[in-house]
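Trainee: So the chains spell out like this:
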Amino acid sequence: GEDVEQSLFLSVREGDSSVINCTYTDSSSTYLYWYKQEPGAGLQLLTYIFSNMDMKQDQRLTVLLNKKDKHLSLRIADTQTGDSAIYFCAESTTNNNDMRFGAGTRLTVKP
Amino acid sequence: NAGVTQTPKFRVLKTGQSMTLLCAQDMNHEYMYWYRQDPGMGLRLIHYSVGEGTTAKGEVPDGYNVSRLKKQNFLLGLESAAPSQTSVYFCASSYSVLGTGNQPQHFGDGTRLSIL
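So the protein lines, in turn, are chains C and L. Every letter in the first sequence is one number past the one before it in the numbering used here, and letter 81, counting from 1, is 81. So the mapping is simple: the numbering used here equals the position in the second sequence, first residue as 1, plus 1000.
In case anyone wonders, no lab produced these hints; they're calculated from the structure. You may find that some hints are simply not true.
[To be verified] Partner residues are not named here, just some residues of chain L that face chain C (Cβ under 8 Å, in silico):
hint : residue
1    : G1040
2    : M1041
3    : L1043
4    : L1045
5    : F1090
6    : P1104
7    : Q1105
8    : F1107
9    : D1109
10   : G1110
Just so it is clear, CB atoms sit at the ideal spot from N, CA and C, and this is done for glycine as well.
Just chain C, same shape as in the assembly (with noise of 0.2 Å):
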């Protein structure tokens, strides 16, 4: 079937920028989404981004989509303790009810 794939684990200091990245095998992806885990909880839709599109820019998070390489990557600038989380990469294609995720990259942020 069709693959998600991102790093597992992400080790950053405060205040830096954190790169996580996602590559997929999909070339009919629509949609490309990263959601956010938190212990305990459920996942969090922090951005999407539509397959024509570059790049999307959200305050601190950039999203950067290389179409042609499938490659997808989530830039969280000035990273805060707070962004210690999991970060799940998805795709979903307009004609099917499923969505693949990625097996989710453990982002530690230390002070």
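On the provided structure of chain C, position chain L as indicated by the hints.
Mentor: This is chain L only, laid out in the frame that chain C set:
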């Protein structure tokens, strides 16, 4: 402002026992979903529903059944629990299919289920 509520939050079962997980949403969403989350594997879709009275299979439906008798509730049943079903289960709902674009999926806080 409840959103998506899952009950129970934790449960321990013995192999072969049955149980039902309840998901309730108060946002009048048409679409509801059940996922399981396992370490290193992300979320996998078990079953979903596109409206009251409808259900459909997702990626990993075996060993589970669902019902959507009321629009606000989506039940996930395990008829004969197996250790392989030990997982964290998440319910989600959305206004439109998959919460595409600016209609995101809203998730509950999860049910941690252990099968001994």
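Trainee: Can you give the numbers of the hints that this structure goes against, from lowest to highest?
Mentor: Every hint satisfied by this model.
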